[in-house]
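Q: Below are the chains, spelled out letter by letter.
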Amino acid sequence: MIKESIYHKTTSIINLEYEQIKKTQQNVADFAPLYDSYFLAIFNYVLKRVQDEHHAAEITSDIFAKALFKISTYNFKGLPFSSWLYRIARNQLIDFYRKDKSNKYLQVSEEELNYLVDNSENDIEAVVDKENKTQQLVLALGKLSDDNIELIELKFFENRSYKEIAEIINTNENNARVKTNRALTKLKDLIK
Amino acid sequence: MKKIDIKNKFSDEKALKHKDFNKVLSKYNRLKTPFYRSPKFLSMVAVSTFVIMLIFMIDEKEAYSNGSYTAIYHSPIGIPIEHELIELTIEKDKPTQVITNGGTVINIPENTLVDSSGNLITGKIDLKYRDFLDQKEVFLSGIPMNYDSNGVKMNFKSGGMFEMLAYQNENPLYIANDKKVKVDLASMQVEDDYNIYYFSAEEKKWMYKNRDKDGFTKEEIAKVDAELKNHPKAATKQKLMDEKDKLTDSLMAMYEQTPTAPIKLDINKHSFNINANFNDFPILKAFKKVKFQVSDGDKNFHPKYAERRWNSVEIEKASKKNEYTVCFSDFTQKVCFAVIPVFDGENFEKAQAMHDALYNNFMANVDSVEDYKKQVRKQLAEEAKELEEMKRLALIKEREMRRLEKERQKKLQEMAEVNNKIYREFEINKFGVWNCDKPEMLPSEQKTAPRFVDNQQQEIDVNMAYLVMLDKNNVVKLSTLDLAKGLPYNPGENYTLWTLIPDKNAVGIVSNKQFQNINKQPSTTFNMELIGYEDFKKLSTQELLNI
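Order-wise, the sequence lines are chains A and B. Residue 1 is where the first sequence starts when you use our numbering, and the numbers rise one by one after that. Residue 1 is where the second sequence starts when you use our numbering, and the numbers rise one by one after that.
Simulated from the structure, these hints should not be mistaken for laboratory data. Virtual Cβ for every residue (Gly too), placed ideally from N, Cα, C. One or more of the hints may lead you astray.
List of simulated lysine-lysine pairs, BS3-like, C-alpha gap at most 27 angstroms [said to hold, decoys possible]: (1) 229(B) to 472(B); (2) 23(B) to 104(A); (3) 188(A) to 3(B); (4) 23(A) to 7(B); (5) 143(A) to 3(B); (6) 101(A) to 7(B); (7) 320(B) to 77(A); (8) 299(B) to 77(A); (9) 538(B) to 186(A); (10) 101(A) to 27(B); (11) 537(B) to 104(A); (12) 9(B) to 130(A); (13) 9(B) to 23(B).
Sample of chain B residues with no beta-carbon within 10 angstroms of chain A, all distances over it, derived [to be verified]: (14) 3; (15) 123; (16) 170; (17) 225; (18) 286; (19) 310; (20) 330; (21) 458; (22) 460; (23) 529.
Not close to chain A: a few residues of chain B, all C-beta gaps over 12 angstroms, as computed [said to hold, decoys possible]: (24) 441; (25) 447; (26) 450; (27) 506.
Go ahead and model the full structure; you've got the sequences and the hints to work with.
A: Laid out in structure tokens, this is it:
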């Protein structure tokens with residue numbers, strides 16, 4: 001079972017972060033605490049999606065530099081700063097993939113796949129063959145469209161709320177929920 | 001397809017080795033400093049100047065430059081028009097003719113191609129050829145279509161554009177100084193008021209070369225248009241357009257009825273129930289299991305009001321999303337609060353389940369109408385394409401009646417009939433991008449401040465937009481800054497707008513109908529249909545123009 005999500009924040013932490021963002025808008029050096037808080041999360045997010053750790057490190061520093069560059073336009077919506085940061089990270093990865101489609105990559109652990117099987121509401125467990133579960137899931141995930149696989153990553157491998165997923169993929173919460181359910185149905189159909 | 005690996009998590013210890021805040025700051029500073037003022041740029045300029053001087057000093061005889069062979073163009077959505085690779089053999093003292101898959105005829109006279117030192121070449125060579133014949137292909141090319149005519153900013157209406165490059169053993173080839181390659185481009189556009197331009201990779205701008213001799217006069221086109229106007233296919237096209245517009249309106253109406261998601265009670269905020277006799281207040285029945293959470297912006301609420309027994313209660317929808325105004329009154333006082341209906345505990349779970357079922361049902365209905373609209377759009381695109389083809393064929397037959405004398409033109413005429421294309425003649429003295437164009441003034445009669453939303457009224461950030469003219473092959477690129485100054489258009493002209501939405505990997509399309517409805521409004525909300533990049537590639541130009 002995957003541990004409690006690191007992406008969920010309490011209102012007080014979200015507000016504290018916003019205070020720090022306002023400070024950064026005055027002085028870029030004040031970005032350091034935010035960088036410290038999110039470096040590992042963003043680096044791991046990127047590393048899961050690119051094969052090479054050095055590429056991941058470069059992309060991660062680009063993401064934070066871009067975030068710093070855009071922080072004057074940050075619009076507080078009561079969401080964790082991470083949602084905004086992940087949106088930048090997502091766009092940076094889209095740019096990276098656009099340069100070379102063969103860069104498209106996803107790293108998952110068996111633990112994450114088990115979590116997906118145990119927690120998906122559309123009962124994937126019923127269609128997987130227990131002995132070849134990992135192989136079946138990897139094969140089926142590889143056949144999903146980029147949009148669908150991203151929704152499954154965000155919901156089940158990163159355990160994010162629909163509200164946060166909506167913010168990252170720039171849609172509303174309803175749509176994020178429905179689209180994720182559809183992605184799961186497609187995954188189930190591909191496994192069958 | 002994505003490559004997927006099974007691996008265990010990277011250790012935090014190893015990850016932290018890559019943590020470097022100074023690197024972030026230095027990248028940030030680079031983003032902040034314009035590139036032309038950066039030390040890297042200045043040192044590059046110094047080195048380039050030195051290298052250029054060195055080249056001139058060492059080898060003044062070098063006839064053909066390697067560095068300016070071609071510019072690199074980026075498709076705005078990362079899906080380029082692929083080159084057709086043509087392998088051919090050049091023999092000494094013999095001309096060579098090639099016909100591309102699209103019907104374009106390339107005539108290479110004898111002893112025309114040279115290497116970078118100016119030596120004539122023979123033997124196997126590779127021609128890389130691609131053409132851009134309509135709005136979609138111009139858009140995907142990424143080639144700039146703006147033209148500066150004595151300081152006036154204009155945009156090209158294209159009669160047809162191509163890129164041709166030649167290589168031997170992967171080394172670029174050139175056209176000898178005193179020679180020309182003749183390209184008869186199989187074009188889709190019928191007008192005759194074009195010029196020929198070459199895109200200079202060195203200067204990054206279009207250079208005027210000569211006047212285009214082909215195409216048809218306005219009178220010829222008007223005559224054919226008038227004949228086709230009464231063709232049954234024109235009536236079918238109009239019928240399909242009306243059907244498509246009706247479906248668009250139905251979809252807009254459906255989206256307005258999107259089920260609202262339940263909101264969970266926030267225990268840190270004030271909330272209250274209304275206990276009332278539903279026979280006296282039937283309107284409250286709908287809010288039976290609901291709590292009312294006081295909105296953040298409300299200044300009137302005090303918990304003491306929740307303790308009181310009131311004689312009357314009124315509730316009505318406020319203008320703000322999800323918000324209602326509840327007013328309580330008795331003989332002495334009336335108080336009103338801005339509230340949001342919320343659910344707690346089990347009621348929330350039930351409401352959520354009910355909403356999901358409703359939403360799924362709603363989306364299934366929407367999807368079926370969307371699918372039907374796609375079918376209509378496809379039929380419409382086919383009709384429009386057939387009408388365009390009929391127009392070209394009719395014009396080609398008109399030309400036949402003029403009894404052209406030259407042998408080459410006769411031959412092209414035969415080919416035109418086979419291929420259903422208009423041939424445009426280029427005599428090129430360089431490889432690269434050539435265009436048969438007419439610069440046109442940018443639309444400027446009216447401007448409207450645009451706001452973009454998707455079908456569900458979700459606001460969309462637009463990165464870059466392309467104003468696409470429906471009646472001519474003209475695609476105007478508009479930056480975020482241009483859009484901030486207002487979307488330009490000429491009332492009465494037919495447009496569609498293709499916008500880039502990179503974070504959704506989609507092109508947002510504004511229909512022509514919405515342009516027709518602007519009515520000179522200073523600001524307009526455009527409802528965009530989002531088409532994924534891959535779907536955009538698959539849809540025909542006519543389908544894209546008729547969205």
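Q: If a hint holds in the structure, say so; if it does not, say that too.
A: Against the structure, the hints:
1. With a CA separation close to 18 angstroms, the supplied pair residue 229(B) and residue 472(B) stays within the 27 angstroms bound.
2. A distance of roughly 26 angstroms separates the Cα atoms of residue 23(B) and residue 104(A); the hinted pair therefore holds under the 27 angstroms criterion.
3. For the suggested pair residue 188(A) and residue 3(B), the alpha carbons sit about 19 angstroms apart, so the restraint of at most 27 angstroms is met.
4. Only pairs whose Cα atoms come within 27 angstroms are accepted, and residue 23(A) paired with residue 7(B) is rejected, the gap being roughly 39 angstroms.
5. Among the hinted pairs, residue 143(A) with residue 3(B) is consistent with the structure: their alpha-carbon atoms are about 10 angstroms apart, no more than 27 angstroms.
6. Using a Cα cut-off of 27 angstroms, the hinted pair residue 101(A) and residue 7(B) holds, with the two alpha carbons roughly 21 angstroms apart.
7. For the proposed pair residue 320(B) and residue 77(A), the alpha carbon gap of about 16 angstroms is at most 27 angstroms, so the pair holds.
8. For the given pair, residue 299(B) sits about 21 angstroms from residue 77(A) by alpha-carbon distance, which is consistent with the 27 angstroms threshold.
9. For the proposed pair residue 538(B) and residue 186(A), the alpha carbon gap of about 22 angstroms is at most 27 angstroms, so the pair holds.
10. A C-alpha spacing of about 25 angstroms is found between residue 101(A) and residue 27(B), which places the hinted pair at or below 27 angstroms, so the restraint holds.
11. Restraint check for residue 537(B) and residue 104(A): the C-alpha separation of about 20 angstroms stays at or below 27 angstroms, so the hint holds.
12. For a cut-off of 27 angstroms, the pair hint linking residue 9(B) to residue 130(A) stands: about 23 angstroms separates their Cα positions.
13. As the CA atoms of residue 9(B) and residue 23(B) are separated by approximately 25 angstroms, the hinted pair is consistent with the 27 angstroms bound.
14. For residue 3(B), the condition that its CB be more than 10 angstroms from all CB atoms of chain A is violated, with the nearest at approximately 5 angstroms.
15. Look at residue 123(B): its CB is around 33 angstroms from the nearest CB on chain A, clear of 10 angstroms, so calling it non-interface holds up.
16. The claim that residue 170(B) lies off the interface holds: its Cβ sits roughly 20 angstroms from the closest Cβ of chain A, which is beyond the 10 angstroms cut-off.
17. The claim that residue 225(B) lies off the interface holds: its Cβ sits roughly 42 angstroms from the closest Cβ of chain A, which is beyond the 10 angstroms cut-off.
18. Annotated as non-interface, residue 286(B) keeps its C-beta farther than 10 angstroms from every C-beta of chain A; the closest such distance is 20 angstroms.
19. Listed as a non-interface residue, residue 310(B) keeps its Cβ farther than 10 angstroms from every Cβ of chain A; the least gap is roughly 32 angstroms.
20. Interface exclusion of residue 330(B) from chain A stands, the closest Cβ pair being 36 angstroms apart, more than 10 angstroms.
21. Listed as a non-interface residue, residue 458(B) fails to keep its Cβ farther than 10 angstroms from every Cβ of chain A; the least gap is roughly 6 angstroms.
22. The beta carbon of residue 460(B) sits about 8 angstroms from the closest Cβ of chain A, which is not more than 10 angstroms, so the claim that it is off the interface is violated.
23. The claim that residue 529(B) lies off the interface holds: its Cβ sits roughly 15 angstroms from the closest Cβ of chain A, which is beyond the 10 angstroms cut-off.
24. For residue 441(B), the requirement that its beta carbon stay farther than 12 angstroms from each beta carbon of chain A is met, with the minimum near 34 angstroms.
25. With a minimum CB-CB distance of about 24 angstroms to chain A, residue 447(B) clears the 12 angstroms threshold, and the non-interface call stands.
26. The non-interface label for residue 450(B) is consistent with chain A: the shortest C-beta to C-beta separation is roughly 18 angstroms, beyond 12 angstroms.
27. Not every CB of chain A is more than 12 angstroms from the CB of residue 506(B) (nearest about 9 angstroms), against its label as outside the interface.
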